[in-house]
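J.: Residues per chain are reported as follows:
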Amino acid sequence: AQSVTQLGSHVSVSEGALVLLRCNYSSSVPPYLFWYVQYPNQGLQLLLKYTTGATLVKGINGFEAEFKKSETSFHLTKPSAHMSDAAEYFCAVNTGNQAGTALIFGKGTTLSVSS
Amino acid sequence: DTGVSQNPRHKITKRGQNVTFRCDPISEHNRLYWYRQTLGQGPEFLTYFQNEAQLEKSRLLSDRFSAERPKGSFSTLEIQRTEQGDSAMYLCASSLWDRLGEQYFGPGTRLTVT
Chain A
1 AQSVTQLGSH VSVSEGALVL LRCNYSSSVP PYLFWYVQYP NQGLQLLLKY
51 TTGATLVKGI NGFEAEFKKS ETSFHLTKPS AHMSDAAEYF CAVNTGNQAG
101 TALIFGKGTT LSVSS
Chain B
1 DTGVSQNPRH KITKRGQNVT FRCDPISEHN RLYWYRQTLG QGPEFLTYFQ
51 NEAQLEKSRL LSDRFSAERP KGSFSTLEIQ RTEQGDSAMY LCASSLWDRL
101 GEQYFGPGTR LTVT
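Top line first, the protein sequences correspond to chains A and B.
The letter at position 8 of the first sequence is residue 8 when you use this note's numbering, and the numbering goes up by one with no holes.
The letter at position 63 of the second sequence is residue 63 when you use this note's numbering, and the numbering goes up by one with no holes.
Chain A with its partners taken away, still in its complex shape (with noise of 0.2 angstroms):
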């Protein structure tokens, strides 16, 4: 069965400060895993996913993350926090390989920027 941990519930950055946020994946298919992004009073959106293919995946706003098959890790980051990034994100992965199965996400991670 699919799973996903991420870890720490709140992460405080300072404006300017790399940003690191954790996730763990248990799977027992080859994993599909996406990252995504809730703003307040927003609908999720998606961030970026890995697939197939290169295990360094870029999405929007400047955020990139890397599938470590070893650790079973899908750690996403930013090389510089911006005050917009405040918001709640969630990693998740995909219940089965076939387009349109469901999503498992984790518990999310609230991200904090201080100017």
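Hints are computed from structural coordinates only; laboratory data are not their basis.
It is possible that some hints are incorrect.
Keeping only pairs whose Cα atoms sit at most 16 angstroms apart, straight-line, the calculated EDC-like set for lysine to aspartate or glutamate is [claimed, not checked]:
no.	chain 1	residue 1	chain 2	residue 2
1	A	49	A	64
2	B	14	B	98
3	A	49	B	102
4	A	107	B	44
5	B	71	B	28
6	A	49	B	98
7	B	11	B	78
8	B	71	B	24
9	A	58	B	102
10	B	14	B	83
11	B	57	B	68
Use these hints to put chain B onto chain A, whose structure you have.
T.: Frame of chain A, contents of chain B only:
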């Protein structure tokens, strides 16, 4: 592209009452998903449709919950005999059938059962 819309945005009901939520997906999307999110948790999958066919239901979806997607367009989620434990944010998402994981979420319906 007007996005996924959900109505109502908020619903307060008394325990034992029935409630129904509506989701209007992005028009060309043939897959539609329902999730539930409680405070401090990520969204939990409930069920999904391809066109009008309900293809998968979670164990979380008790007999009091029913979802429909007539004509493969909008969807409704009904909860019968609501319980306080049903209080949550109910999220709807839609996607194209071949876009793995690329789900577009609505703003959600927040249900409070008193």
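J.: For every hint, state whether the structure bears it out.
T.: Cross-check of the supplied hints:
1. 49/A - 64/A: Roughly 9 angstroms separates the two Cα atoms, so the pair holds.
2. 14/B - 98/B: Between residue 14/B and residue 98/B the Cα gap is close to 41 angstroms, so the pair fails against 16 angstroms, i.e. violated.
3. 49/A - 102/B: Given pair residue 49/A, residue 102/B holds - Cα atoms ~8 angstroms apart, limit 16 angstroms.
4. 107/A - 44/B: holds (10 angstroms)
5. 71/B - 28/B: holds (13 angstroms)
6. 49/A - 98/B: holds (14 angstroms)
7. 11/B - 78/B: holds (12 angstroms)
8. 71/B - 24/B: Judged against 16 angstroms, a Cα distance of about 12 angstroms means the pair holds.
9. 58/A - 102/B: This hinted pair holds, its Cα atoms lying about 15 angstroms apart.
10. 14/B - 83/B: Distance ~8 angstroms between residue 14/B and residue 83/B Cα, so the pair holds.
11. 57/B - 68/B: With Cα atoms ~12 angstroms apart, residue 57/B and residue 68/B stay inside 16 angstroms; holds.
In summary, the structure is inconsistent with hint 2 from the numbered list given earlier, while agreeing with all the others.
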